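Enquirer: Sequence:
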Amino acid sequence: METMKAIVCNGYGPPEHLRLADVPKPAPASGEVLVRIHATSVNDFDWSLVTGKPSLYRLIFGLRKPKLPIPGMELSGVVETVGSGVSAFQPGDRVYGDCSDHGWGSWAEYMVLPVDALRPMPEGMSFVDAAALPHAGLLAWQSLVEVGQMQKEARVLINGAGGGVGALAVQLAKALGAREVTGVDAEAKFASMRQLGFDRVLDYRKTDFARTGERYDLILDAKSTRAPRTVQKALNPDGIYVSVGGAVRRILQITLAERLFGKPVRMLALKPNQGLEQLHPFYAQGKLKPRIDGPYALEDLPQQLSYFGQARHKGKIVIKMP
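Numbering (the numbering used here), first residue to last: 13 to 334.
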């Protein structure tokens with residue numbers, strides 16, 4: 013039996029309990045492809061899958077332990093073999109994608125996926141960049157364009173701006189014609205945030221963006237710690253607030269405020285991989301470049317997940333396979 017290296021999570025707990033192990037190498041069934049993974053990344057869902065926190069997520073991942081023991085939801089790589097009935101890809105194709113709709117498992121050397129979980133990588137894109145784009149890139153794109161309906165000359169604020177989503181969202185907002193983009197995060201990230209193009213930066217420990225009196229046309233919130241009535245005070249009359257994640261209690265409040273009361277607050281229901289090709293021209297023109305924290309080795313993942321949980325990362329944590 014052929015084996016591969018993978019990061020395995022056999023029970024909920026701190027990142028340090030993850031282990032690098034030899035596991036069976038999968039084989040594609042009908043309609044599936046086997047991908048040799050070149051790079052993967054770290055996301056909020058990986059943190060929840062490993063730690064079991066917030067506890068509500070155990071309804072998704074498994075009550076007592078993860079049903080799927082290998083974390084990871086983004087990948088880039090090369091198709092190694094294809095199952096019967098597959099015509100969209102062939103061995104040697106460079107592919108990438110968000111596999112969260114098809115089970116986790118990208119923290120490994122190989123992964124089997126249905127064809128709709130993958131997209132062809134554009135020419136000139138590196139495997140490291142490709143692993144950082146599918147999830148965070150579409151969170152940014154769908155928030156700004158599809159839900160936020162951002163207009164040229166808009167004043168935009170991004171909360172949790174120093175992570176993977178914020179790094180891409182500011183570049184997209186600028187490319188789409190935003191007049192001013194404000195970023196909120198820890199002061200230690202200010203230098204890298206200014207390099208990315210933020211016009212103003214706020215330290216969340218010192219300034220509550222919702223109580224400064226400033227008004228914005230669009231707020232993209234990756235942390236969502238405030239009640240809808242509070243963030244609404246920071247919007248212009250026609251402004252929109254879009255949450256892409258954060259505290260479970262606030263996410264529920266935002267969803268109810270939108271559906272029951274018609275408030276200008278929205279909860280993004282991400283559509284994985286849909287519209288990924290919309291990002292390709294921005295990347296090709298040099299207007300969209302992921303901020304990479306790393307790349308690191310596969311065996312470094314427990315340490316890097318802990319680093320992620322402390323919110324110390326600057327950009328997207330990417331793992332490059334040997």
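Hints are computed from structural coordinates only; laboratory data are not their basis.
Incorrect hints may appear among the rest.
[What the hints assert, rightly or not] DSS-like, lysine-lysine: derived pairs with alpha carbons at most 27 Å apart:
| # | residue 1 | residue 2 |
| --- | --- | --- |
| 1 | 332 | 164 |
| 2 | 301 | 332 |
| 3 | 235 | 301 |
| 4 | 79 | 218 |
| 5 | 245 | 218 |
| 6 | 186 | 79 |
| 7 | 275 | 245 |
| 8 | 37 | 332 |
| 9 | 299 | 275 |
Treat the numbers as computed from the prediction; the structure is a model and nothing was measured.
Enquirer: Next, verify each hint and record whether it holds.
Expert: Now for the hints, and whether the structure bears them out:
A distance of roughly 37 Å separates the Cα atoms of residue 332 and residue 164; the hinted pair therefore is violated under the 27 Å criterion. Taking the CA atoms of residue 301 and residue 332, the gap is near 17 Å; set against the 27 Å cutoff, the hint holds. Between residue 235 and residue 301 the CA atoms are separated by roughly 22 Å; this keeps the pair inside 27 Å, and the hint holds. For the hint linking residue 79 to residue 218, the alpha-carbon distance of about 41 Å lies beyond 27 Å, and the restraint is violated.
Straight-line distance between C-alpha atoms of residue 245 and residue 218 comes to about 19 Å, which keeps the hinted pair within the 27 Å bound. Between residue 186 and residue 79, the direct Cα distance comes to roughly 41 Å. Violation of the 27 Å bound is thereby established for this hinted pair. Using a Cα cut-off of 27 Å, the hinted pair residue 275 and residue 245 holds, with the two alpha carbons roughly 12 Å apart. Simply put, residue 37 and residue 332 have alpha-carbon atoms about 18 Å apart, close enough for the 27 Å limit, and the pair holds.
Taken as a hint, the residue 299 and residue 275 pair is broken in the structure, with Cα atoms around 33 Å apart against an allowance of 27 Å.
The structure fails to meet hints 1, 4, 6, 9 from the earlier list, while all remaining hints are met.
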